[in-house]
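In terms of full-length UniProt numbering, the sequence shown is residues 1 to 513.
If you're looking for bench data, these hints aren't it; they were derived computationally from the structure. Since the structure is predicted, the reported quantities are computational estimates derived from the model, not experimental observations. Please note: incorrect hints may appear among the correct ones.
Claimed, not checked - When the alpha-carbon atoms are kept at most 20 Å apart in a straight line, the in silico SDA-like pairs for lysine to any residue are as follows:
#, residue 1, residue 2
1, 290, 325
2, 375, 115
3, 266, 297
4, 77, 65
5, 90, 115
6, 77, 42
7, 385, 398
8, 503, 490
9, 328, 307
10, 416, 488
11, 290, 277
12, 331, 371
13, 413, 505
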Amino acid sequence: MIVAYGQHKEGVKALGLFQEMARRGVVVDMFTTASVLTAFTCLEDLCGGVQFHAQLIKTGFHQNSHVASGLIDMYSKCGGGGGGGVLDFKRVFEEIEEPDLVLWNTMISGYSQSEEFSEEALLCFRRIQRVGYNPDDCTFVCVISSCSNLSSPSQGKQIHTLAIKSNIPTNRVSVENALIAMYSKCGHLRDARRVFEKMSEHNTVSFNSLIAGYAQHGHGLESLAVFRRMLESDNAPTSITFISVLSACAHTGKVDEGWKYFNMMKESFGIEPVTEHYSCMIDLLGRSGKLDEAERLIETMPFDPGSISWAALLGACRTHGNIELGAKAAKKFMELEPYNAASYVMLGNIYASAGMWEEFATVRKLMRDRGVRKKPGCSWIEINKRTHVFVAEDCSHPRIGEIREFLEEMYRKMRKLGYVPDVSWALVKDGGAVEGEREIMLGHHSEKLAIAFGLLSTKEGEPILVVKNLRVCGDCHTAIKFISAITGREITVRDAHRFHCFKEGRCSCGDYW
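My request is simple: use the sequences and hints to build the entire structure.
If you want it as structure tokens, here you go:
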């Protein structure tokens, strides 16, 4: 029963039965122990898991490969997203004299939980091969996920080739689904579609991965076409499917179709809409300029709106310059997540764009008083299988002088075509910097530095992909459109929210993100 509860994410019931076993003096085996660890993991109870780990050390159970796998999984998923959990599960792994393939797979999965440690997952994959294990379907799924995190199409293609040579028979569809997701996240939609079309069978995850890939890239029509194909197949859509479908409707401005699919969820498939679905509808209405309708929807939701819903409304207000409603949405967002810098930054953008510097300064002061810090922006690009990372105002790259000269020349060409820097995105502390200083700050944003390096380091006509950890700013978005037109390059920027595919002076997002 404990194993069954653990497998079905019934953590509280699993732990309750385990305590009953202990009271009755029933002997606990390795499988029960692993299921108890699964219970702590699904409850995200790191404190309880650590205490249980201490008991396992006393009994020596922690050195069992099956139990160690459960410990690694718990620390990777409950470790708080930083390096602490990684250090904990590395110690667990190092205590096992002869780790088996299952344990190696769990390690790769643990590293792939965080973008910060995805390189470690790839190193782990290479170690597996050196010690003589043949990767199985689980190994490939985990390591392909790491390539997705790194946005490393070159390494992803190498692993794809190895997977084909390995001829995995057990769960081939899972590996192919991971490949679809990886190619989509790396900006290679054609490769993702090619994998999908070559599959001997599709499951719900296959369709979901491709639908999501098209939606994230702003290809709403293609996303909806795949969804209609899914409806014609034997694969029923899930709650996750409809999140991507509604997002696709938002990217294509299909308000009526969006409402149709929103209502279809419950009426045709018995799926109750949750916060994410409502947020997609708010995004759809906001993109279409229907801010009053978006506000009514958020106020009539059958449950308390989460921060994601208020963030969607706030983003719409930023795009359309609705100061009053934007301030209301930001206040609600701040109440729910007082230490999330996104609400302060977006409200600051709204005030700065309107030239309301006193209000902007008030928002900045509120951030300081509450100890809220904006996450530093950084961008990276892979060139010749090596990842180059840039931060705003970067001076560390060996070619930074050449990069800045290239950008200065590019700015001269852009101005001749009508580009005007949007200095409202150069958010200094008091709003008091002179215009020239603001323009210099904008010119040194991390995504511009990464794009310049990419253009300098690749062949003419070759597309480039840049990844940013935050949302791309409005001025950079405008500038990259000009750069794509001047250079004739296809430039893809994957930011924290979506993909922006710039080509011939246009962006796939339709200037709404």
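* Structure versus earlier hints, numbers of those that do not hold, lowest first -> Of the numbered hints, all hold.
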